[in-house]
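2 protein chains.
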Amino acid sequence: MTDRTPDPDCLFCRIVAGEIPSEQVHADDLVVAIRDIQPKAPTHVLFVSREHIASAAELSDADGPLLGRLYAAAADFARAAGIAENGYRLVTNIGTWGGQTVPHLHIHLLGGRAMTWPPG
Amino acid sequence: MTDRTPDPDCLFCRIVAGEIPSEQVHADDLVVAIRDIQPKAPTHVLFVSREHIASAAELSDADGPLLGRLYAAAADFARAAGIAENGYRLVTNIGTWGGQTVPHLHIHLLGGRAMTWPPG
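Sequence order for the protein chains is F and X.
Numbers 3 to 122, taken from the working numbering, label the letters of the first sequence in order.
Numbers 3 to 122, taken from the working numbering, label the letters of the second sequence in order.
Everything hinted at is true.
If several chains are the same, the list does not tell them apart, and a pair holds so long as it fits within one copy or across any two.
In the SDA-like style, the derived pairs of lysine to any residue whose C-alpha atoms are separated by at most 25 Å in a straight line are:
no.	residue 1	residue 2
1	Lys42	Thr118
2	Lys42	Asn88
3	Lys42	Glu25
4	Lys42	Thr103
5	Lys42	Asp78
6	Lys42	Val27
7	Lys42	Ala116
8	Lys42	Arg52
9	Lys42	Ala29
10	Lys42	Arg115
11	Lys42	Gly89
Hints listed in this document are in silico derivations from the structure and should not be mistaken for laboratory results.
Just so it is clear, the structure is predicted and the values come from calculations on it, not from any experiment.
Could you put together the complete structure from these sequences and hints?
Listed below in C-alpha cells is the structure:
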C-alpha cells in the first residue's frame, strides 16, 4: 500500500483541493464527482476519492465506508441525471493495461447512450 | 430498493448456491468470484455478491462492507494471477444501456491484455 497523503503533483489531489477548476456535480467528506473533460458518453462523470489512493488495487476491507459512499453517490447522481432507468456503466482502470491515466482512485460513470461489449 | 432474498430464477443466485457449476477462483462470506464463460480478455473474472442485489444502482452506504470485501478480493486475485503489475480494469453494468445481462450485482475484472478507451 502506498502513502495516502495529498500529492502536490497529483491532478486529482489539486482538483479536490480546489486548486484546479472542475465542474463538480457532487461533493461530500469522502468523495468528489466531476465531469470528465474528454467525455466518452453524453453523461461521463468521475467519482474521485478525496484521499490520494493510487488505484483500486490499493483498496482493502477498511475502505468499505469510502466505497459505500462512492457507489451511493454514483447511484444518486444517475437517478438525478435521468440516466438510471435506461442504465449506465461504472469503470475503474488500474495501471497501464487498465488504461489508468491519473494515479488517484476514480470511478468513471458513463451513461446516456447504449454501451457496447467488450468494455474496451 | 428491491428485495435481496435469493431468487430461484436468478443465474447467479443458483451459482452462488452451488446449484449450477462454475469455475470459482474465490469465495468468502460476502463474495464469490467465478470465471466469465464468455471471456473478453485473457483473464476475465466476475466478483459476485452472495446476496441477490439487482445491480450497483441498489447500493448505499450500508453496503460498504460488501464493497470493501469485493474490491479487496479483486486486488488480491489480480496480484495472485500475475496481472496486477501491467494493470487491469473493473467494470459493472447497470441496466440495459449499461449492458447488464444478469440482474444480480457483479463486477467484471478484465486483464492480461491492454484495454482500450472508451470502455464500450
